[in-house]
Amino acid sequence: MTAAPRRLLVALLAAIATTAPACATTRPYQREALARREMALEPDGDEAALRQHFLGTREGAIGGGGGEGGGCGCN
Amino acid sequence: MRLQLIVVAAALLAAAPAAAEPNTLSFDTLFYSDNDNVLVVSPQVAAHRALDDAGGEASARVAVDIISAASVDVVSQATSGFTEVRKEAALSGSLRIGELLPAVRYRFSDEPDYRSHGFGVTLSRDFAGHDSTLAVSFDVGLDTVGRTGTAFSAWSRHLNTHTGEVGLTQVLGPRTVIRGSYSLTLQDGYMEKPYRYVPLFDAAVLADLDRAGMTVGGDDFDTYRLPERPPEEVPDRRVRHALSLRALRFIPAIGAAQLDYRFYLDSWGVQAHTVDAAIKIPIGRFRLDVEDRLHYQLAADFWARAYTVDSDGVIPTWRTVDRELGTYAQDTAFVRLQRPFGDFLVYAMGGTMITRYDDFLYLDWRLALVSEAGVRWDW
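Those protein sequence lines, which keep their order, are chains A and B.
Each residue of the first sequence is one higher than the last, beginning at 1 in my numbering.
Each residue of the second sequence is one higher than the last, beginning at 1 in my numbering.
Any given hint could be a false lead.
If you only want the chain B side, here are some residues facing chain A, beta carbon under 10 Å, derived [stated by the list, open to error]:
1) 50
2) 54
3) 63
4) 299
5) 302
Here are a few chain B residues that sit away from chain A, every Cβ distance over 12 Å (derived from the structure) [as the list claims (entries may be wrong)]:
6) 100
7) 102
8) 199
9) 203
10) 207
11) 227
12) 279
These are computed hints drawn from the structure, not numbers from a lab.
Values in this document were obtained by computation on a predicted structure and should not be read as measured data.
Glycine included, each C-beta is placed from N, C-alpha and C at the ideal position.
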C-alpha cells in the first residue's frame, strides 16, 4: 500500500474512532430537530442525483456522493 | 429495452403493498449554459412507493440529457459542434428486515456513442437505538464506448467500473448528525474520448516562444503545432479513492447548516479537495437554501499543457486534452427556494459555476449559469 492510500485509511479509522463509540443514545423526545426536513442527510434523492450527475461530469473526482456512471452527458 | 424497463417499473410499483405514506411522484429539470457554447437541458421523472415505515421502497426514474455543444474541445478538432440526447432509466428497491435495510438498483443509459449498464447493492444496519447506521455498497458499471455514426458492432471499446463504499452515519446529539465514507473505484478499459486528438509541438519552438514572453494558447496553437495529431491515449487502469465527511447541525432560529468535505486521489496522480457548505433557512412556509461548493484539483502525472516530440521523434506515451485531468479550481454557488402547496412541493434553484484552468491549452476560464426547477407530489 502506497503512502497516500495508507494516509486515507488512517484518516478514516480516526474519523470512525472519534465518532462511533461512546455516543449516548438520543431519546425519541430529543429528536425533534433531527426529524426536521432540512436536517435530512439526503433530503431528496432524485433532485440530488440530478445535481450530482451535473457536478460529476465537471469534476475530475468521483466518490462520496453517488450518482456516477452512466455516460457523461457531455462531449 | 426502454419498454422492458417501464413494464418492470410499473410492476414493481403496482405490486408494492399499500404501506406507509408517502408515495411520491416528482418532476425536475436542470438547465446548464456556459460561455464555452455548451447548453444542456436535463428533465427527469421519478416515482417512489413506500414498502414499509423504515426506509423500504420501490422506485423508478427516467432522465434525459439534451446536449448542444460547440465548445473549444469540439471545434479544436475541426468539427462544428453537435447536438445529442442521452436517455437514462433506473430502478431500485429496498426492504426493511429488522435492523437491516438491503437495497438493489439497476441503471441503463444510452446515447449514440455510449451505452452503460449499472448494477448495485447496498446493505445498511442501524445500531445504538438508530443513532448509528453502517452502510456497505458495491456497484458495477459495464460501459460500451462507440463513435457517432458508426455501429457499435463496427467499432466499440469497453470500460468496466467496480466501486465499493463503506459509510457510517452517527447522531452526535439532539442537533448534530455526521456521516463519513470511503469509496474505492477500480476502472479497467477504454477511458479516452474517441474524438480527441492531441496537438504536438516542437520543443525548440515552444522554447523560442517562451523567450519571447509568449505562451501557446487556444487562439494560436494551430499555427505552431506539428502536422501529426495522434489520438488521446491514457492508461487502461485507474484506481480511485475518495474519503468524504458530511456534518449537519440544527441552529435554532436559523435552520440547518451543512458542511461537506471530500478528499480524492487516484493512481493517475489526480488529487482533489472539495468543500461544500450550505445553510437551509425556513422562512414561514418557504425554505431558502444558500450553498457554495469549491472544487480544487491537481493534474494527472502525465498532464501537459503542450506535449512535445523529443529529438528522436518519439511522441509521449500518455497524452490528453481532457480538461478534467488538469489543474483547476471551480466554484459553484446557488440559491434554492421551496414552498409546499398542499400535497405538492415546488422549488426553483439558480446559480453560477466559475472554473479557472491553470494550464489548459484551449481555455483559461469558464462561466456557467445553472438553474433547476421541480415539483414533488406526496400522497
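Against the structure, the hints come out as follows:
| no. | hint | in the structure |
| --- | --- | --- |
| 1 | 50 | 13 Å, violated |
| 2 | 54 | 14 Å, violated |
| 3 | 63 | 7 Å, holds |
| 4 | 299 | 9 Å, holds |
| 5 | 302 | 14 Å, violated |
| 6 | 100 | 18 Å, holds |
| 7 | 102 | 17 Å, holds |
| 8 | 199 | 17 Å, holds |
| 9 | 203 | 27 Å, holds |
| 10 | 207 | 29 Å, holds |
| 11 | 227 | 25 Å, holds |
| 12 | 279 | 9 Å, violated |
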